[in-house]
Amino acid sequence: MYSQKMIVRLLLLLQVIPVFAQTGVATNIFVNLQTSYAGITNFLTGLMYVLGIFLTVQAVMKLKKFGHRTAFMHVEAGMLGPTMQFAIGVGFLYSKSLIEIINSTFFGQSSIASVMSYTANSGMDNDWQQIMNPILGMVQIIGLIAFIRGFLILSKGVQKEGGQQPGQVTKGFVHIVGGILGINIVYTIEVVMNTFGLSS
Numbered sequence: 001m002y003s004q005k006m007i008v009r010l011l012l013l014l015q016v017i018p019v020f021a022q023t024g025v026a027t028n029i030f031v032n033l034q035t036s037y038a039g040i041t042n043f044l045t046g047l048m049y050v051l052g053i054f055l056t057v058q059a060v061m062k063l064k065k066f067g068h069r070t071a072f073m074h075v076e077a078g079m080l081g082p083t084m085q086f087a088i089g090v091g092f093l094y095s096k097s098l099i100e101i102i103n104s105t106f107f108g109q110s111s112i113a114s115v116m117s118y119t120a121n122s123g124m125d126n127d128w129q130q131i132m133n134p135i136l137g138m139v140q141i142i143g144l145i146a147f148i149r150g151f152l153i154l155s156k157g158v159q160k161e162g163g164q165q166p167g168q169v170t171k172g173f174v175h176i177v178g179g180i181l182g183i184n185i186v187y188t189i190e191v192v193m194n195t196f197g198l199s200s
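If you're matching positions, the sequence shown starts at 1 in this note's numbering and goes up one per residue.
None of these hints come from the bench; they were simulated from the model.
Under the rule of at most 27 Å between Cα atoms (straight-line distance), these lysine-lysine pairs were calculated in the DSS-like manner:
1. LYS62 with LYS171
2. LYS62 with LYS156
3. LYS156 with LYS171
4. LYS96 with LYS156
5. LYS65 with LYS156
6. LYS96 with LYS171
7. LYS156 with LYS64
Label-pair distances were calculated between CB atoms; the ranges are:
8. PHE66 with GLY178: 26 to 34 Å
9. TYR37 with GLY178: 14 to 22 Å
10. ASN32 with PHE66: 50 to 58 Å
11. VAL60 with ASN32: 42 to 50 Å
12. MET61 with ASN32: 42 to 50 Å
13. TRP128 with MET79: 50 to 58 Å
14. GLN165 with GLY78: 15 to 23 Å
15. ASP127 with ILE101: 31 to 39 Å
Quick caveat, the model's predicted, so the values are computed rather than measured.
By construction, the Cβ of each residue, glycine as well, lies at the ideal position given by its N, Cα and C atoms.
Assemble the whole structure, with the sequences as input and the hints as a guide.
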């Protein structure tokens, strides 16, 4: 008896649910998603500054310990780890300039191309533009996360304190290059299209 009442209640509930459902289409979902990208980018930029301060202070403390060692102290760590950590921390503190320098190296232009300009110039109709802009924006955010993660992997991979897996430095460089390609997804698409003759 109880299970029959439960089934009837669920069937009645299923008939009421469409009343509360939103009548949005995929383009509305993507447009709403795109409005949050500025906040995510600001958070990641702030995270880079905080990580830069943390890595720099930690590297200075390691270098201080290295400078105060005596003849009786057995220290396995070398100077490369803290020096690289210091350089990565300073790079995070100057993240905007660092990204511009890397963009100039890879693409010959220091600025990050706007996703909006790519979709407007590619001949897409308005519905496809509204879908592609947020997708390419998400690729840029994932690229920024990979860029940050790559430098953190690189910072940890050069330490001699043990616990690193082989290939950490290579993994860090792959994340950095992939992050730059993701941040500059518009230029990356143009390079691939021009390389393989796909541009019209």
